[in-house]
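Protein chains in written order, with our numbering: chain A, 1 to 384; chain B, 1 to 384; chain C, 1 to 384; chain D, 1 to 384.
No lab work stands behind these hints, which were simulated from the structure alone.
Be aware that a few hints might be false.
[Said to hold, decoys possible] Lysine-lysine pairs mimicking DSS-like chemistry, simulated, CA-CA at most 27 Å apart:
#1 D:K349 to C:K272
#2 A:K177 to B:K272
#3 A:K45 to A:K181
#4 B:K346 to C:K46
#5 C:K272 to D:K177
#6 D:K349 to D:K119
[What the hints assert, rightly or not] Calculated from the model, a selection of chain A residues having no Cβ within reach of chain D, i.e. all distances over 10 Å:
#7 G16
#8 R24
#9 G55
#10 T128
#11 D188
#12 R226
#13 G246
#14 P315
#15 P316
#16 P319
#17 S357
Using N, Cα and C, we set each Cβ at its ideal position, and we do this for glycine too.
There are 4 protein chains.
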Amino acid sequence: MSAARIRLGMVGGGEGAFIGAVHRIAARLDDHYELVAGALSATPKKAQRSGRAFGLADERIYSDYATMAQAEAARPDGIEVVAIVTPNHLHAPVAAAFLRAGIHVICDKPVTTTSKDAKKLLALAKKTKRIFAVTHNYSGYPMVRHARQMVRDGAVGEIRVVQVEYPQDWLTEALEKTGQKQADWRTDPARSGAGGAIGDIGTHAHHLAAYVTGLELDEVCADLSRFVKGRALDDNAQVMLRYAGGARGLLWASQVAPGNENNLRLRVYGSKGGIDWRQEQPNRLHWSPFGQPTQTISRATGAANAAAARVSRIPPGHPEGYLEGFATLYAEIAQAIRAARPGGPKADKAAHFPTLSDGIKGVEFIEAVVRSSARGGRWVRLPR
Amino acid sequence: MSAARIRLGMVGGGEGAFIGAVHRIAARLDDHYELVAGALSATPKKAQRSGRAFGLADERIYSDYATMAQAEAARPDGIEVVAIVTPNHLHAPVAAAFLRAGIHVICDKPVTTTSKDAKKLLALAKKTKRIFAVTHNYSGYPMVRHARQMVRDGAVGEIRVVQVEYPQDWLTEALEKTGQKQADWRTDPARSGAGGAIGDIGTHAHHLAAYVTGLELDEVCADLSRFVKGRALDDNAQVMLRYAGGARGLLWASQVAPGNENNLRLRVYGSKGGIDWRQEQPNRLHWSPFGQPTQTISRATGAANAAAARVSRIPPGHPEGYLEGFATLYAEIAQAIRAARPGGPKADKAAHFPTLSDGIKGVEFIEAVVRSSARGGRWVRLPR
Amino acid sequence: MSAARIRLGMVGGGEGAFIGAVHRIAARLDDHYELVAGALSATPKKAQRSGRAFGLADERIYSDYATMAQAEAARPDGIEVVAIVTPNHLHAPVAAAFLRAGIHVICDKPVTTTSKDAKKLLALAKKTKRIFAVTHNYSGYPMVRHARQMVRDGAVGEIRVVQVEYPQDWLTEALEKTGQKQADWRTDPARSGAGGAIGDIGTHAHHLAAYVTGLELDEVCADLSRFVKGRALDDNAQVMLRYAGGARGLLWASQVAPGNENNLRLRVYGSKGGIDWRQEQPNRLHWSPFGQPTQTISRATGAANAAAARVSRIPPGHPEGYLEGFATLYAEIAQAIRAARPGGPKADKAAHFPTLSDGIKGVEFIEAVVRSSARGGRWVRLPR
Amino acid sequence: MSAARIRLGMVGGGEGAFIGAVHRIAARLDDHYELVAGALSATPKKAQRSGRAFGLADERIYSDYATMAQAEAARPDGIEVVAIVTPNHLHAPVAAAFLRAGIHVICDKPVTTTSKDAKKLLALAKKTKRIFAVTHNYSGYPMVRHARQMVRDGAVGEIRVVQVEYPQDWLTEALEKTGQKQADWRTDPARSGAGGAIGDIGTHAHHLAAYVTGLELDEVCADLSRFVKGRALDDNAQVMLRYAGGARGLLWASQVAPGNENNLRLRVYGSKGGIDWRQEQPNRLHWSPFGQPTQTISRATGAANAAAARVSRIPPGHPEGYLEGFATLYAEIAQAIRAARPGGPKADKAAHFPTLSDGIKGVEFIEAVVRSSARGGRWVRLPR
């Protein structure tokens with residue numbers, strides 16, 4: 001193993017999981033991490049099977065995250081950071097255990113099921129001075145970085161309208177009744193929290209809009225629906241957005257829109273121009289300066305700005321995708337972890353990975369949307 | 001002149017007008033009409049110049065619509081139908097004058113500036129038994145017809161979500177202050193009515209959604225904005241929609257979205273599949289049966305249904321555009337006019353041109369949206 | 001009838017025809033013509049039925065083009081121009097008859113079945129001083145005009161590579177054996193001439209490339225195929241092009257490429273940038289200045305040049321299509337006909353409609369391609 | 001380090017190189033390899049800097065590939081496979097050195113600069129029984145696998161037409177004169193071989209077409225151009241293709257086509273349908289069964305076949321890109337290496353990575369094209 005690699009542990013992400021594999025590839029892609037320990041499943045046999053498949057030493061395969069946190073903290077070669085890829089309801093207790101053990105945390109989103117829990121974590125993270133990253137991974141795409149920088153540079157002018165949508169179709173029918181693992185926990189309030197589509201993908205849309213525009217969300221007015229019979233959580237969410245400063249937005253998240261896979265799209269319109277970006281074709285951004293032709297700005301070309309170039313690996317026209325964007329967050333987190341070591345390098349000021357404070361805003365957004373909808377679609381203010 | 005052509009008059013549409021020229025081409029395209037009279041401008045010199053340019057006989061060039069209505073009604077070869085292409089505030093009085101003179105009416109949208117006026121026209125049209133068509137012209141596109149038929153045939157299943165948007169960018173800056181004629185009256189409440197973007201293009205989006213889905217709109221919750229300083233009417237409209245039966249929708253109309261020309265798009269998602277249609281590429285419709293690949297259905301192919309084939313002129317791959325769609329309404333209205341003649345042919349049951357009752361719903365929609373927004377974004381019921 | 005309309009006759013284009021209807025709409029669209037006479041079919045009953053359907057007076061319905069030419073020439077209100085929309089083999093004799101009668105000619109492409117015939121027509125047209133237009137209609141699209149002007153303005157730099165293709169799929173199976181009229185004559189050398197796909201659509205591709213680039217074609221090397229068993233003419237044509245000055249090209253025309261309707265596309269690459277235009281989405285042109293982002297230039301915007309604006313009817317985002325492009329040629333021809341009248345207006349120098357000399361080049365191109373392929377794919381020089 | 005990882009060495013790919021980094025990520029992505037040795041540069045200081053940056057032990061950093069081959073072969077923990085990512089002219093001697101040392105080879109393309117050299121390597125590989133993979137990496141894309149399988153399953157019918165193109169624009173100007181490393185050697189016959197664009201990217205296009213269609217290429221007729229003044233190798237290549245069995249094709253490779261990055265596209269038309277795939281949007285394949293609407297088949301959906309599913313990592317709508325496709329080849333090669341170990345697992349019959357025999361065909365293709373063009377564009381037969 002390269003001496004320079006950061007020692008990584010994982011909680012969740014064993015057999016049958018989806019996002020765990022993504023985290024592992026993301027960690028490996030730029031060669032910053034080595035997975036050395038895991039509580040990959042709460043079922044010991046599964047945990048062992050998965051751990052061995054991933055090349056873990058037997059003594060570092062755990063079936064209990066609390067044990068893992070303590071044991072790893074006690075080892076001289078213990079993990080420096082843990083990736084938490086369990087269903088949502090476990091994020092908070094697992095993260096707390098590792099923070100207390102002095103271990104940095106990379107946590108999937110939504111960071112917790114309640115904002116109260118999230119704030120407790122924030123206090124703990126501050127106290128323990130540990131890094132707490134949240135994988136709102138779409139912020140890792142180079143052309144998202146480009147868009148964010150354009151807004152900051154004033155190219156878009158004063159922002160007026162934000163249109164963000166994240167339609168999927170995989171829950172068009174009652175997939176959860178078939179026992180499919182991903183559908184099962186995502187439609188269960190006990191494991192997913194109060195939000196269905198709004199929590200699973202709406203938060204991504206919310207974060208993407210916030211990340212690119214830098215706008216503060218003031219109020220939401222929402223209509224959540226459960227179109228599939230017997231479903232306990234929303235599978236379609238329509239939300240009107242009012243931003244501080246007067247910008248207006250619409251957010252649509254759906255899991256019942258046939259023909260859509262992960263069709264996340266962000267459009268931002270300002271007094272000087274408009275931006276259009278789609279996750280399914282992430283290497284290109286459409287930029288329409290008012291009164292001039294729309295330009296297609298391609299990743300890694302001369303027209304891509306420094307913020308995009310910084311996180312681009314290969315030449316334009318050779319597409320980078322979802323895993324690369326995810327890996328960019330892991331690479332930035334790795335730099336931060338190294339910087340946090342005694343005598344480590346300086347932290348990279350240009351890094352942008354989402355942290356716990358972004359995660360809290362995501363949970364507060366879910367809560368406000370759920371409340372608005374429960375009140376029949378009344379405007380609800382976001383906490384400040 | 002072909003004996004079979006219907007004698008057409010026009011009010012408005014002289015020099016510098018936009019939509020008048022569109023109506024004239026639409027009337028000509030399928031050879032059903034001959035323009036023979038007009039009050040093309042209220043300024044006599046302009047009216048004369050325009051009338052001569054369009055080949056009208058001098059005695060049938062008017063500068064006053066009331067005179068025109070009476071004079072034409074008195075001629076044995078008088079017009080059978082009038083096209084009203086003035087700014088909105090004149091639609092009602094002009095239409096009333098021609099209805100009273102026993103002349104059929106084709107009127108641009110929104111049909112009036114208040115629903116009260118529209119209802120009076122309806123009473124008058126019923127009394128005089130005249131045809132009253134409203135040019136919600138996007139319903140003339142073949143693939144819109146296809147989509148409507150698919151919904152009726154049950155292919156889409158139970159409709160759950162409607163996403164309709166009509167962004168433009170031409171009013172991103174204060175064009176009305178430059179004296180540009182189109183911007184001037186459209187941003188003036190006295191001539192445009194209570195709606196800006198919502199009236200000018202939002203009604204098109206509203207009608208398109210209603211036309212294709214057949215759903216009845218129950219409630220709206222709206223946020224209208226005036227982003228350009230000094231503008232008296234909304235230039236951006238975001239509206240949440242609740243349909244009878246439980247479907248939910250979002251409607252966005254904007255005139256300040258750089259990079260958008262007439263980017264009308266309708267997406268309809270049901271329990272069995274999803275439909276996606278864009279006005280700027282109108283010859284293709286994307287159909288996503290749930291669980292199967294998205295299909296691109298092309299106008300005039302074997303995959304296009306009878307409703308589309310009926311209004312298609314040329315083979316697939318040779319694009320038909322905006323004028324052709326508009327002409328389809330004129331062709332259907334022509335058939336209805338002929339059917340209304342003593343001894344005329346039977347009316348074509350397959351025809352779908354929008355009429356005054358559609359126009360009234362459009363005005364009621366504008367009123368409900370304006371009211372909702374004025375109340376800070378509260379839900380407002382549509383009249384039944 | 002407007003006094004200003006040009007009196008138009010038509011040969012061919014009766015029941016069951018495709019392109020005749022297109023010519024009639026194109027003639028009507030901008031209100032420059034009135035169809036007043038026709039030999040719409042060689043079968044008298046069909047000719048009469050079609051003529052009456054189009055509103056012709058009975059005495060001006062002919063079933064014999066020679067009679068029509070003489071009779072119309074003898075009338076004081078006789079036609080000024082004839083549109084020839086018959087199968088290819090009749091173009092030459094019909095055109096000659098009308099030229100001799102002093103009547104202008106608008107002829108479909110390819111203008112004749114042999115270049116020898118075409119040259120005879122040229123001599124006759126010169127002698128009779130009649131206008132002879134050939135409907136290579138794709139040159140009527142606004143963004144094709146834009147592209148041509150860009151090349152002339154030097155924006156593209158020295159042209160290096162021309163990629164032009166026109167794939168269709170309608171002859172993937174032996175449609176001609178079903179009696180389908182369009183397939184029947186197009187696959188018959190006696191009526192179509194020596195070229196199948198290369199004659200029917202390859203000439204359009206050839207003309208489009210020549211029209212936009214202004215390059216002179218020096219040599220071709222071709223491979224013609226007949227993929228459908230029993231077919232007498234090529235249904236797929238691949239051609240390498242060498243232009244004077246060193247530019248190189250590839251032309252592909254196919255009628256057996258499933259998924260393609262009329263997928264004509266032209267790409268031109270020069271030392272300064274690249275142009276990309278597709279007929280199926282004709283309102284937009286992609287322009288890639290070297291080293292900068294690709295721009296999408298939209299018809300009727302400020303970015304569209306004067307050559308495009310001149311032939312644009314409606315605002316951007318409202319698509320103009322095939323019929324409008326065709327109508328632009330008819331409008332330009334109308335202006336030329338009026339200019340040719342005694343005391344007529346000056347001819348419009350900005351007009352670009354294709355004439356007999358373009359038609360001759362098209363036929364010479366077909367002949368060179370057929371010869372090259374017959375020789376096993378050897379380079380053949382075009383005549384100068 | 002995971003015990004299961006294959007020990008990998010690399011020749012070339014140090015500072016400033018492009019493709020070396022791609023190979024390293026590809027090797028890492030699915031966790032099958034560990035880079036443990038390298039001759040990353042012939043300049044010792046550069047080799048050392050690069051080696052340390054990649055985490056190599058000092059004693060396994062070489063500046064001479066011959067030394068490396070011998071030293072690694074002598075170690076008990078020596079490398080099992082070497083990745084060769086040097087300029088083309090070094091492929092043959094480096095590969096020979098490692099084969100002789102009993103080490104498997106992964107070599108970039110074109111595999112050698114002459115087919116003679118390639119055949120010698122083949123003899124050596126057979127003798128030493130070593131695996132010799134060639135990274136025609138586009139064959140690793142899931143939807144390319146899907147397309148290949150469709151052809152094999154007969155869905156496309158008898159193949160008639162193949163259109164393959166690979167345009168780029170990066171050599172539109174004389175970049176090689178600026179000292180840019182990639183341009184420098186690629187335009188130099190001494191290091192690149194006889195082909196410029198045709199060797200660098202034309203071979204990729206050639207391989208992709210062969211891989212998907214399974215057709216044997218009989219003859220080529222080519223026109224190579226050098227558009228940039230002073231350039232010694234072709235920067236634009238147009239090639240007509242004749243396949244055994246009667247199919248016809250066109251191949252275009254260009255490095256002077258502004259607006260194109262790595263715009264590799266393959267279209268295959270058969271008697272039953274057409275396939276269209278583009279490298280820049282690799283997760284979707286367009287499939288047009290004749291007479292039915294075009295379908296967009298998306299990676300990892302139910303509509304993607306087993307050949308695609310086998311090499312797909314994440315759900316549809318989350319794009320996989322270039323690195324993932326490249327990694328698929330590395331994963332398949334890893335399986336083959338393990339299978340070649342004494343007592344290793346069975347070789348996976350479904351694996352498709354390109355080998356030396358594919359590489360030889362690529363070099364023969366370059367030679368035939370160069371010869372055809374040198375003869376003024378005459379047909380040249382490929383060796384059998």
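Hint-by-hint comparison with the structure:
For the hint linking D:K349 to C:K272, the alpha-carbon distance of about 49 Å lies beyond 27 Å, and the restraint is violated. The hinted pair formed by A:K177 and B:K272 meets the criterion: a straight-line CA distance of about 18 Å does not exceed 27 Å. Annotation: proposed proximity of A:K45 to A:K181 holds, straight-line Cα distance about 18 Å (limit 27 Å). Under the criterion of a C-alpha separation no larger than 27 Å, the hint pairing B:K346 with C:K46 is consistent with the structure, at around 25 Å.
Among the hinted pairs, C:K272 with D:K177 is consistent with the structure: their alpha-carbon atoms are about 18 Å apart, no more than 27 Å. Only pairs whose Cα atoms come within 27 Å are accepted, and D:K349 paired with D:K119 is accepted, the gap being roughly 25 Å. Distance check on A:G16: its Cβ is at least 14 Å (rounded) from any Cβ of chain D, clearing the 10 Å threshold; non-interface status holds. For A:R24, the shortest C-beta to C-beta distance to chain D comes to about 8 Å, within the 10 Å cut-off, and the non-interface label is violated.
Once the 10 Å rule is applied to beta carbons, A:G55 is inconsistent with being away from chain D; the minimum gap is 3 Å. Once the 10 Å rule is applied to beta carbons, A:T128 is consistent with being away from chain D; the minimum gap is 30 Å. With a least beta-carbon separation of about 20 Å from chain D, A:D188 lies farther than 10 Å from that chain, consistent with its non-interface assignment. A cut-off of 10 Å between C-beta atoms confirms that A:R226 is not in contact with chain D; the least separation is 22 Å.
With 10 Å as the threshold on Cβ separation, the claim that A:G246 sits away from chain D holds: the shortest Cβ distance comes to roughly 33 Å. A beta-carbon of chain D is positioned within 10 Å of the beta-carbon of A:P315; the least distance is around 7 Å. Once the 10 Å rule is applied to beta carbons, A:P316 is inconsistent with being away from chain D; the minimum gap is 4 Å. Consistency note on A:P319: stated as away from chain D, yet its beta-carbon is not over 10 Å from all of that chain's, at 4 Å minimum.
Taking the minimum C-beta to C-beta distance to chain D, about 26 Å, the non-interface status of A:S357 holds against the 10 Å cut.
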